[in-house]
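Student: Residue numbers (the UniProt record's numbering), protein chains in the order written: chain A, 1 to 334; chain B, 1 to 316.
Hints listed in this document are in silico derivations from the structure and should not be mistaken for laboratory results.
Mixed in with the good hints there might be a few duds.
As the list claims (entries may be wrong) - Mimicking DSS-like on lysine-lysine, the simulated pairs with C-alpha atoms at most 30 angstroms apart in a straight line are:
1) K158(B) to K129(A)
2) K125(A) to K81(A)
3) K81(A) to K310(A)
4) K222(B) to K89(A)
5) K125(A) to K222(B)
6) K63(A) to K222(B)
7) K63(A) to K124(B)
8) K130(A) to K124(B)
9) K222(B) to K67(A)
10) K229(B) to K81(A)
11) K75(A) to K222(B)
12) K229(B) to K67(A)
13) K149(A) to K158(B)
14) K89(A) to K229(B)
15) K67(A) to K310(A)
16) K130(A) to K222(B)
17) K149(A) to K222(B)
18) K81(A) to K222(B)
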Amino acid sequence: MVDQPLLRIKELRTHFHTERGRVTAVDGITLHVEEREILGVVGESGCGKSVTSQSILRLFDEKRTVKYEGEIHFKSKNLLKISNANMQKIRGNDIAMIFQDPLSSLNPVYTIGYQITESIMLHQKLQKKKAYEKAVEMLRLTGIPAPEKRVNDYPHELSGGMRQRAMIAMALACQPRLLIADEPTTALDVTIQAQILDLINRLNQELNMSVIFITHDLGVIAEICTRVVVMYLGQIVEEADVEKLFSNPLHPYTKGLMKSIPQIDGDRSQALHVIEGTVPSLHDVPNGCRFASRCPYASDLCRAKMPELKIVKTGQKVRCWHYEEILEKEEVDV
Amino acid sequence: MKIYVLKRVLSLVPILFIVSIMIFMIIHVTPGDPATVMLGDTATTEQVEALRNELGLNIPIYQQYINWITGILHGDLGYSFFMRQSVTMAIISHLGPTVSLAIMAQIMAIIIGIPVGIIAANRKGSLTDQSIMGLSLLGISIPSFLLALLLILLFGVKLQWLPVAGYKALSEGMWVHLKYLILPIIALGSMQVALIARMTRNSMLEVLNMDYIKTARSKGIKERNIVYKHALRNAFLPILTIVGQSFAVLVAGAAVVETVFNIPGIGQLIINSIERRDFAVIQGIVLFVALVYVLINLVVDLLYGVIDPRVRLNHK
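Could you put together the complete structure from these sequences and hints?
Tutor: Listed below in structure tokens is the structure:
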């Protein structure tokens, strides 16, 4: 009981009511986040990684569109069971979030100072003046030059990288235990991306805070995460330490993702590897393995029955019927 | 912001110039000779000629325009032969009822329309939302004269709670003043209420889907503050535009409503003047209304700048 993970998600299901019926965007996710860990969540668009992260903070409209099932344990509370008012006390205070596009994620009609102080005044009950001092301090921490001036700027007056730093300052203002970063670097250019990754890495260590880092970019995962969860169509298909995932990917989908990374010293005459086919629609989820229709190794068993997420010898977890055979075959090939 | 204000103000000059030319042309594009029309069939050629001279119709047209516009710039809108008084005086003496009516209708539209629109947006798809949208559709569809007549029938004739027509100035007491205006205000303002409610709802729904609303929610901001602080201020620009434009509709509507309720306002004055072909008064009123309209939209533009910092920047 000493090393309870900070966050423990058990069999999370997030259903949406749409005009075309009920859709289960997240289907039985079980994962945990350790203290001070950076957990990567990777997958292509529509795999449910953002829905998972937003389900943790219960950001969807529970009155009309969404229904959660399962358990999300944080600090000995099940977040799916507590009242909305208690949830509001956790949002921005214990668990904070940053989003993909900092321009659309900041309110255009308020200064960033106002937006940062808002949560400080709300959660820490500080006076306005103190809260502004804190905001300036946070902006300085995220590496914004001349923070005492910038604090009075509107979002459109900052560059893309500065905006994301301001977003991070806002998220970290109340020293959350967990930061959920939902593709925070996707909308930024590469040099800025590297700076933001460094910043998140540094703050993770300095502030003793855990991070869930959501991305579709395996390069980013390699750079900052310690452990990775690979998602496909609302499920986890593989979970591993970052080194293992890159040296020894088990799931055919993970393998496909790895091969799709362009190599700088690769043969340019060869076309880039692509995973054939497209992700099936959530309205039409296959009965068996969800990746079967795109998997080069798929058998009748795969199409008929869904494999469980199994722990294997290497300590990884994988959701595949044939991972051992595939592994043996590859060894023979090499 | 100063430059933004200056630019907005300067942009009014060409607008008002074009408006003034169009208004001036009213007298010349109307079929028939104005003097003949004014004097009627029985007038002699000499009488017509004399009036043409008096009206200044015999000098070159650009000279006429210059004379007219110079007079206006000095506050002289011309002279009404029918009313035996200056147009400026005629407008001022009819201004009170219309101003009362328009302002109160507008206030009613804002204080009902905006909250109702917010409520509908917050409960999108609910019975409340559907009832509000249904009622507002009715409000937009029903012509003001019909609504006026229905109101008179119900509250004036059947229930006898309120007078059926007429007008009492504010100087006779607030309550008396209001008693005569309540029905006209409702008749005139309902369409604005409906328009503003619908616009508020749409605008709020759009804004509530924005990423920054999700950000605010992720910070733990209370739902009420998300709606009123984060969403409403962003949703306000289109609402403001409708409020500004609705003034034109209010003036047009006032002509109808004032006629139905027999209120001696600008609307009634312009209807009577059109019947009498009293061109000086028509021109004067149209110019006056155009000026007020332009000024109200200037205020709206300036408010944009106050509400949305990006508007200020774009005009630097």
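Student: All hints are to be evaluated individually against the structure, with a verdict given for each.
Tutor: Status of the hints after comparison with the structure:
1. K158(B) to K129(A): Given pair K158(B), K129(A) is violated - Cα atoms ~62 angstroms apart, limit 30 angstroms.
2. K125(A) to K81(A): Distance of about 26 angstroms is within 30 angstroms: holds.
3. K81(A) to K310(A): holds, 28 angstroms
4. K222(B) to K89(A): Given that 30 angstroms is the threshold and the Cα spacing comes to 10 angstroms, the pair holds.
5. K125(A) to K222(B): Holds, at about 15 angstroms.
6. K63(A) to K222(B): holds, 16 angstroms
7. K63(A) to K124(B): holds, 11 angstroms
8. K130(A) to K124(B): Violated, at about 39 angstroms.
9. K222(B) to K67(A): Given that 30 angstroms is the threshold and the Cα spacing comes to 21 angstroms, the pair holds.
10. K229(B) to K81(A): Holds, because 28 angstroms separates the two Cα atoms, which is no more than 30 angstroms.
11. K75(A) to K222(B): Answer holds: K75(A) to K222(B) is near 22 angstroms, not above 30 angstroms.
12. K229(B) to K67(A): holds, 27 angstroms
13. K149(A) to K158(B): violated, 67 angstroms
14. K89(A) to K229(B): holds, 19 angstroms
15. K67(A) to K310(A): With Cα atoms ~27 angstroms apart, K67(A) and K310(A) stay inside 30 angstroms; holds.
16. K130(A) to K222(B): Holds, because 22 angstroms separates the two Cα atoms, which is no more than 30 angstroms.
17. K149(A) to K222(B): The given pair, whose Cα atoms are some 29 angstroms apart, holds under the 30 angstroms limit.
18. K81(A) to K222(B): holds, 19 angstroms
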